[in-house]
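Under our numbering, the residue at position 542 of the sequence shown is numbered 606, and the numbers go up by one with no gaps.
Be careful, since some hints might not be right.
[To be verified] Below, simulated DSSO-like cross-link-like pairs (lysine-lysine); rule was C-alpha separation at most 27 Å, straight line:
hint, residue 1, residue 2
1, Lys359, Lys696
2, Lys696, Lys296
3, Lys491, Lys646
4, Lys312, Lys417
5, Lys292, Lys268
6, Lys296, Lys212
7, Lys359, Lys123
8, Lys148, Lys359
9, Lys420, Lys123
10, Lys622, Lys474
11, Lys578, Lys648
12, Lys421, Lys312
13, Lys379, Lys622
14, Lys578, Lys128
15, Lys309, Lys212
16, Lys128, Lys212
17, Lys319, Lys269
18, Lys268, Lys296
19, Lys309, Lys296
20, Lys319, Lys123
21, Lys312, Lys82
22, Lys319, Lys420
23, Lys296, Lys417
24, Lys551, Lys622
25, Lys401, Lys359
26, Lys309, Lys292
27, Lys82, Lys212
28, Lys148, Lys309
29, Lys401, Lys695
30, Lys421, Lys292
31, Lys268, Lys319
32, Lys148, Lys269
[What the hints assert, rightly or not] Pair by pair, the computed Cβ-Cβ distance ranges are:
hint, residue 1, residue 2, range
33, Lys123, Gln428, 35 to 41 Å
34, Arg446, Lys696, 52 to 58 Å
35, Ser520, Glu198, 26 to 32 Å
Think of the hints as simulated: they come from the structure by calculation, not from any bench.
Here a beta-carbon is modelled for each residue, glycine too, at the ideal position from N, C-alpha and C.
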Amino acid sequence: MSNTVRLTTAQALIRFLKNQYISVDGEETPFVEGVFNIFGHGNVLGIGQALQEEGGDLKVIQGKNEQGMAHAAVAYAKENFRRKIYAVTSSVGPGSANLVTASATALANNLPVLFLPGDTFASRQPDPVLQQIEHEHSISTTTNDALKPVSRYWDRIERPEQLMSALLRAFEVLTNPVSAGPVTISIAQDVEGEAFDYDAAFFKKRVHYLDRVSPTEDALSRAAELIKSSQKPLIVVGGGAKYSKAGKEIAAFSKTYGVALTETQAGKSTVPADHPYNMGGLGVTGTLSANKAAKEADLIIGIGTRYTDFTSASKTAFNYDTAKFININVSRMQSYKMDALQLVGDARLSIEKLTKKIEGYDSQFREALTGFKAEWLDERDRLSNIEVDLDDAAYQPEIKDAFGKAQIEKYKEALGTNFAQTNALIKLNDFIDPSSYVITSAGSLPGDMHRLWHASVENTYHVEYGYSTMGYEIAGALGMKLAHPDKEVYSMVGDGSFLMLHTELVTALQYDQKINIMLFDNSGYGCINNLQMENGSDSFCTEFTRPDGDVLTVDYAKVAEGYGLESFTATNPEELEAALGKSKVSETSTLIHIKVLPKTMTDGYESFWNVGVSTNSSNENVLKQAEGVVKKRSQARQY
Numbered sequence: 065m066s067n068t069v070r071l072t073t074a075q076a077l078i079r080f081l082k083n084q085y086i087s088v089d090g091e092e093t094p095f096v097e098g099v100f101n102i103f104g105h106g107n108v109l110g111i112g113q114a115l116q117e118e119g120g121d122l123k124v125i126q127g128k129n130e131q132g133m134a135h136a137a138v139a140y141a142k143e144n145f146r147r148k149i150y151a152v153t154s155s156v157g158p159g160s161a162n163l164v165t166a167s168a169t170a171l172a173n174n175l176p177v178l179f180l181p182g183d184t185f186a187s188r189q190p191d192p193v194l195q196q197i198e199h200e201h202s203i204s205t206t207t208n209d210a211l212k213p214v215s216r217y218w219d220r221i222e223r224p225e226q227l228m229s230a231l232l233r234a235f236e237v238l239t240n241p242v243s244a245g246p247v248t249i250s251i252a253q254d255v256e257g258e259a260f261d262y263d264a265a266f267f268k269k270r271v272h273y274l275d276r277v278s279p280t281e282d283a284l285s286r287a288a289e290l291i292k293s294s295q296k297p298l299i300v301v302g303g304g305a306k307y308s309k310a311g312k313e314i315a316a317f318s319k320t321y322g323v324a325l326t327e328t329q330a331g332k333s334t335v336p337a338d339h340p341y342n343m344g345g346l347g348v349t350g351t352l353s354a355n356k357a358a359k360e361a362d363l364i365i366g367i368g369t370r371y372t373d374f375t376s377a378s379k380t381a382f383n384y385d386t387a388k389f390i391n392i393n394v395s396r397m398q399s400y401k402m403d404a405l406q407l408v409g410d411a412r413l414s415i416e417k418l419t420k421k422i423e424g425y426d427s428q429f430r431e432a433l434t435g436f437k438a439e440w441l442d443e444r445d446r447l448s449n450i451e452v453d454l455d456d457a458a459y460q461p462e463i464k465d466a467f468g469k470a471q472i473e474k475y476k477e478a479l480g481t482n483f484a485q486t487n488a489l490i491k492l493n494d495f496i497d498p499s500s501y502v503i504t505s506a507g508s509l510p511g512d513m514h515r516l517w518h519a520s521v522e523n524t525y526h527v528e529y530g531y532s533t534m535g536y537e538i539a540g541a542l543g544m545k546l547a548h549p550d551k552e553v554y555s556m557v558g559d560g561s562f563l564m565l566h567t568e569l570v571t572a573l574q575y576d577q578k579i580n581i582m583l584f585d586n587s588g589y590g591c592i593n594n595l596q597m598e599n600g601s602d603s604f605c606t607e608f609t610r611p612d613g614d615v616l617t618v619d620y621a622k623v624a625e626g627y628g629l630e631s632f633t634a635t636n637p638e639e640l641e642a643a644l645g646k647s648k649v650s651e652t653s654t655l656i657h658i659k660v661l662p663k664t665m666t667d668g669y670e671s672f673w674n675v676g677v678s679t680n681s682s683n684e685n686v687l688k689q690a691e692g693v694v695k696k697r698s699q700a701r702q703y
């Protein structure tokens with residue numbers, strides 16, 4: 065008979081978490097760094113008590129909002145290339161419901177996080193317990209069922225012994241590059257505290273080996289022949305390339321054989337921006353150089369990309385009549401996209417093997433790529449030096465005509481600024497240390513960052529665009545800082561996203577994790593206002609204006625000061641540079657309230673985004689714009 069140890073279910077959970085390790089390329093490290101928590105009646109007496117007694121080296125961090133602390137855990141996993149995670153525990157009811165958005169964010173981005181929400185009573189004796197919802201069709205349905213569609217694996221523990229099989233299944237999912245994503249294990253609150261005689265061997269050190277999967281020789285040979293028959297090959301560097309740590313191999317492959325590099329949001333900075341053939345961001349938020357190269361390419365090599373609509377410009381980015389596709393991906397399902405030749409395997413290993421198989425090959429793309437990149441750098445330089453002059457016709461590409469000069473003047477007076485967003489962003493890029501880390505998620509900033517941010521140090525760029533979650537930016541910055549405690553972290557956040565969720569600012573202060581918030585304030589949801597008006601609609605419920613039309617202004621610097629941050633305001637390049645200098649030497653978290661004019665962000669460069677336009681309207685402009693969208697849809701690839 066095996067040895068047993070008597071533990072509560074929650075104690076067994078924590079003891080198990082402490083003994084999980086991951087091994088990649090011969091390097092073995094603990095997999096679970098710690099536990100984010102907000103305690104309530106559904107977890108404080110079970111998991112909370114267990115953390116007090118069994119926590120050991122696990123870092124325990126008190127969050128301020130369940131969604132916020134979970135986003136911090138998502139960002140932490142991303143910064144650790146999915147090789148280290150935080151668990152997240154919440155109470156039953158509203159606490160677990162707050163995890164849904166964060167779980168969806170993790171799922172869309174294939175990032176591992178372990179969610180441990182409390183649940184109602186397995187015994188059902190006190191039903192309905194506080195915060196329990198009731199359904200006529202089933203008493204077994206609880207708030208945690210809402211996490212099922214946004215979890216890669218979901219389980220409910222109603223007996224102590226169920227924990228063992230659930231945890232083994234959970235960690236297979238969490239440590240698997242193909243299935244990496246959020247795992248939810250909800251534990252009935254009475255079961256959390258219930259004792260059981262567990263097999264002691266279950267808590268031994270367990271190593272999860274992440275072995276690099278090699279494509280078959282036949283698949284490699286087919287891909288090599290396709291590359292050698294191409295003249296203008298182009299690589300799409302996706303998040304899978306980053307997580308594989310394949311940047312150096314991809315950079316060398318590109319330089320040796322004259323292959324264009326383009327980047328998704330998740331893949332950006334896998335290869336530094338100063339690589340001669342790195343054309344930058346691809347697609348709807350892409351650069352002119354990347355989108356021009358994509359149109360000319362006769363072979364597209366996707367590395368770890370899902371080909372989202374923004375990357376593929378709703379399947380208009382490439383010349384589908386002439387271009388062929390190779391997809392390198394650990395997921396066979398993803399490798400089939402674009403009707404591609406499938407190369408199922410690890411990104412780094414696959415590129416290493418392809419490099420040897422195509423020795424002697426050289427593309428005919430080098431000269432064109434050099435020209436595309438030079439043209440884009442000239443455009444970037446123009447965007448960095450814009451002077452806002454509403455009477456200057458040359459400025460009109462940045463001011464949407466429909467919005468109107470009078471409205472811009474109103475914002476200019478209310479915000480007390482003449483600053484263009486592109487100027488501010490490039491000034492930030494030029495001033496901060498290149499080894500600093502930057503993060504953003506939603507609004508116009510991801511587009512501007514994808515195009516304009518020059519990441520000269522690899523893997524310093526972090527944009528959550530799989531789900532584009534408003535409110536991720538500040539919570540994610542905390543997760544990023546936890547992953548890189550010795551580096552400066554800069555969160556680029558719009559005023560709209562700041563208002564959605566910023567409470568983990570307090571957590572950063574509480575645990576002395578310095579983050580720097582760059583708050584771009586144009587008093588509205590500027591990105592969606594652009595989308596609205598570009599498609600013929602009038603401005604409607606996307607500006608922050610009062611019923612009388614006056615612009616609503618908020619002193620975000622004073623808000624930050626109230627929390628305890630060191631805060632500054634910038635309305636021009638000189639003020640921004642001075643504030644950045646002070647934020648660099650500050651020992652606490654900082655916020656720079658950057659006031660920018662609406663309509664001073666970048667626009668699309670030869671790209672198309674398929675959105676749901678109205679084909680029946682009393683507004684002639686809506687009908688006219690809809691006609692153009694419908695025509696463009698018909699020209700896009702349909703599969």
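Run the structure past the numbered hints and jot down the numbers of the failing ones, going up. 5, 6, 7, 8, 9, 13, 15, 17, 18, 20, 21, 31, 33, 34 and 35
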